[in-house]
Amino acid sequence: MDVAIVGIGIHPFGRTPSLTGLQQGAYASRLALQDAGVEWRDIQFAFGGSISAGSADTLVNELGLTGIPFINVANGCATGGSSLISAFNAIKSGQYDIGMVAGFDKHDRGAFNADPKALGIGEWYGEVGMMMTTQFFAMKIQKYMHDYNISTDTLAKVSEKAFINGSKNPNAWRREPISVEEIASSMMVNDPLTKYMFCSPSEGAVSLVLCRADHATRYSNTPVYLKAATMKSRRFGSFEVFAPSQALQQVDGPTVDAAKAAFEMAGVGPGDMDVLQLQDTEVGAEIMHMAENGFCEHGEQEALIQAGATHIGGAMPVNTDGGCLANGEPIGASGLRQVYENVLQLRGQAGEHQVPGDPKLAYTHVYGAPGISAVTILQK
Amino acid sequence: MDVAIVGIGIHPFGRTPSLTGLQQGAYASRLALQDAGVEWRDIQFAFGGSISAGSADTLVNELGLTGIPFINVANGCATGGSSLISAFNAIKSGQYDIGMVAGFDKHDRGAFNADPKALGIGEWYGEVGMMMTTQFFAMKIQKYMHDYNISTDTLAKVSEKAFINGSKNPNAWRREPISVEEIASSMMVNDPLTKYMFCSPSEGAVSLVLCRADHATRYSNTPVYLKAATMKSRRFGSFEVFAPSQALQQVDGPTVDAAKAAFEMAGVGPGDMDVLQLQDTEVGAEIMHMAENGFCEHGEQEALIQAGATHIGGAMPVNTDGGCLANGEPIGASGLRQVYENVLQLRGQAGEHQVPGDPKLAYTHVYGAPGISAVTILQK
Amino acid sequence: MTKQVPIAEGLFTWPAERPALLASRCKNCGIASFPAAQSCMACSGQDVAVEELPGRGTLWTWTIQQFMPKTPYRSNETAETFKPYGVGYLELPGGVRVEGRLTENDPQKLHIGMEMDVVFAPFRTEENGDEVINFFFQPVA
Amino acid sequence: MTKQVPIAEGLFTWPAERPALLASRCKNCGIASFPAAQSCMACSGQDVAVEELPGRGTLWTWTIQQFMPKTPYRSNETAETFKPYGVGYLELPGGVRVEGRLTENDPQKLHIGMEMDVVFAPFRTEENGDEVINFFFQPVA
Ligand SMILES: [Zn+2]
Ligand SMILES: [Zn+2]
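Residue numbers (my numbering), protein chains in the order written: chain X, 1 to 380; chain P, 1001 to 1380; chain R, 2001 to 2141; chain L, 3001 to 3141.
I should point out that these hints are in silico values taken from the structure, not numbers from a laboratory.
Careful, some of the hints might be misleading.
[Unchecked claim] Cross-link-like lysine-lysine pairs, in silico, DSSO-like; alpha carbons within 30 Å at most: (1) K1117(P) with K2003(R); (2) K3070(L) with K117(X); (3) K3109(L) with K117(X); (4) K3109(L) with K143(X); (5) K3003(L) with K117(X); (6) K143(X) with K3083(L); (7) K2083(R) with K1195(P); (8) K2083(R) with K1143(P); (9) K2003(R) with K1195(P); (10) K2070(R) with K1140(P); (11) K1143(P) with K2070(R); (12) K1117(P) with K3070(L); (13) K227(X) with K260(X); (14) K140(X) with K3109(L); (15) K195(X) with K3109(L).
Using the sequences plus the hints, can you model the full thing?
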């Protein structure tokens, strides 16, 4: 049994002091239900995630107490992927016809505070100042720039494109373009990455209604099919966040594995994709994830980005809604935002940030601690 | 595709200062793998839960980095149920042959500290001293005793039986029988419930290996089949924990709904069950859950318990391993402990706490905040 | 000068001549909920109106909290000065059953079905001297 | 009297004439891991032995932490006295790549492939006066 997405809802990302994370989640859920033309009582199951805004299943207090199973999942930045895969499994199992996935969050300002103990790492690691995701991202791109000749100008161009796309997306947080010069000369955070090259914790919510593919046209004139939803954790030897040591022999990371599994499941290849949402916790991540997901060879990003290939009108549009860089990252919602954007794109409803040429296949990718990647492939 | 349990492992419950919760989880996982005769690298997916002992998916740091998808779930006391249902769906979907569920935890001493905000409740509710699960349980049994003539002596007899069963279970925490008199006269905690009528937070771990039913005999001479795994949340009008108000018109709680759904899924009835594990956060819960799950009429518990029906040798053995009362409650592991015990019972490997008469069908039930129940039915 | 402030905004009318608990009632299905919410848990309706709940009801169930809770409990008590307190649900006719602290903590003086009044009284004093007002259920004299 | 204590037990030999980082090496697959663990992340083996890692290696990658981290960071610095610090992975031949703080924080003086030594030095002073020793990577003079 295939799985279709027939309803989507979003609460704008950014800062919304007047609403709790839960209320933003309820807002997005109501829009998703409305989009699918169903009532909350029609929903048979739900999976959801929120890291800092309470238990996702308390959404039932807002939406109504209908008795459905609502399972909370939590896999850091890959939480949205966990929800989607779990819902995908539930429908494929033949036990359910229609369900919802929901993600919302509301983080404090400033960098995320990770707890070493929760990840099985000694306290010393945090005490000396190494429990910082930003350092990992900086060190990974530092090595990558060295190995594959990526320039600092290319780093800045990734942010520039993100803020341009954000300016076209009414649900984005950062809606003002910023020049390459300003990006490159903003405060250095973790060399070689400056302040405007990182995404920040933020707030927001996304909900999706999923159903059996053979019921899809009951709910939507423009159903979008979830052709693949995969997740992989790190194999031994990959270079991952929060690693006090790493093996001398490096192997491919979970992104490479999740991408391969997804392409195999969907029976398509990277060249078939018309629009890409790739985890861009910072600009280096977007650059490296282009190759890790199979969309170019290592090192080709320099020429591609300099030529504008990843812009909305380019050959390989990446993060058309502004990505994490322009939307910030409410952890529970971030992965689902990518899917929301791809559904918009495949429906042709993305407005100013619509990719031209009637896109038919779309790709999402998230990466999170302690070394997990989740990928989806959507087809209209 | 049916689902079988072919490997079980447990780390003894109680207090283990020398091991982290994660290490206890790894211990149980290794035993489960060994029991199924498989290697960790053979496992294709995992679901796990831990509330206070870190992210369950960090188990891969102990067991090996094989790249599998490992999704963390979190539904309070029903966390084990969430893992099982998710694994059940994953195998039923046809995408996986064999996987693991794991639950572990390590709580501080003393009552659980719930956070109102995480459940969408105002801070005032906790500030005035109502954010206490123990109060809910006390008020629920207080009303039930009033409505159905349950005696305080019967309350004490439930604890007495739990500690007798615990004394027969080498993995239990409380292994000394305690007399009815001592239980009844121990410190009053929340009227009518005394100290020895409540379970306490503790530590422990359980892991299970699950596979497609048609592969089960590859791994086990005594496979046990998961005939049903259901979860329900509260409908409007049921009386649940952490409720600042409740409706005037009461409806059945999620336990009634989850039980009905499980019996329907398995095609069997309450009378067919040979051994029962019912959430016994305190003695009142066990009493009320007997009726809510369909094993007797409301009020019949008084006569049944006084007659010893719920003892291991009785007509309706309940919590044969000592339940939460004798094992304490490491939240992530507690629901899976019930399933572990039932597998032992169906295999005839429960030793001193073995139910006589070759049991063939076994039942588990958990209840957790904010009003969720999960049920499984196992068949050999 | 001591100021009296309600423990939370919107829980009850305060200050008021006759303070009362505030519920939301759904215009679709007629169900009341406390505290007042922006949507109805029964029918998912979003068209709700706030109303005052009755000041007298019957005790539906109760218990006594015999030990001092940890955080998030926030009174002015210490382990030494802590006094057990009653908690119960009061069934307010035509409204809803509301959970609250009882003014009575003697189990011998409490029974299901007894009549109680909703009263408002200081619960703790803040560092700035403000008295924090909460609602309590008190046996009808 | 001031006492020197290691930041964590088992991370490195301390006190010792020539202190060294400690790794576990799997007797099944030969893979080393830092810090020493009771099982092997590569092959799940549980038969491991602890060994000392080499004291010199090459810098595999690095960055500079330009702002002061929040908790769980725990130095004696304040926002005013904080100095940016380097972090990098040092490839220890035959062993493993270890992540650690660098003694150098000038990006102009750091490059991938440079040789560095593992050194041990005070990181912070505890309230009781104890000096907490950590390991650092220092450019070879
Ligand atoms: Zn309503
Ligand atoms: Zn090994």
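Evaluation of the provided hints:
1. K1117(P) with K2003(R): Holds: K1117(P) and K2003(R) sit about 27 Å apart, inside 30 Å.
2. K3070(L) with K117(X): The given pair, whose Cα atoms are some 16 Å apart, holds under the 30 Å limit.
3. K3109(L) with K117(X): violated (34 Å)
4. K3109(L) with K143(X): Status holds; Cα separation ~16 Å.
5. K3003(L) with K117(X): holds (27 Å)
6. K143(X) with K3083(L): holds (24 Å)
7. K2083(R) with K1195(P): Between K2083(R) and K1195(P) the Cα gap is close to 18 Å, so the pair holds against 30 Å.
8. K2083(R) with K1143(P): holds (24 Å)
9. K2003(R) with K1195(P): Answer violated: K2003(R) to K1195(P) is near 40 Å, above 30 Å.
10. K2070(R) with K1140(P): Holds - the C-alpha atoms of K1140(P) and K2070(R) are around 22 Å apart, at most 30 Å.
11. K1143(P) with K2070(R): holds (26 Å)
12. K1117(P) with K3070(L): The given pair, whose Cα atoms are some 23 Å apart, holds under the 30 Å limit.
13. K227(X) with K260(X): holds (13 Å)
14. K140(X) with K3109(L): Answer holds: K140(X) to K3109(L) is near 19 Å, not above 30 Å.
15. K195(X) with K3109(L): holds (22 Å)
The structure shown violates the earlier hints numbered 3, 9.
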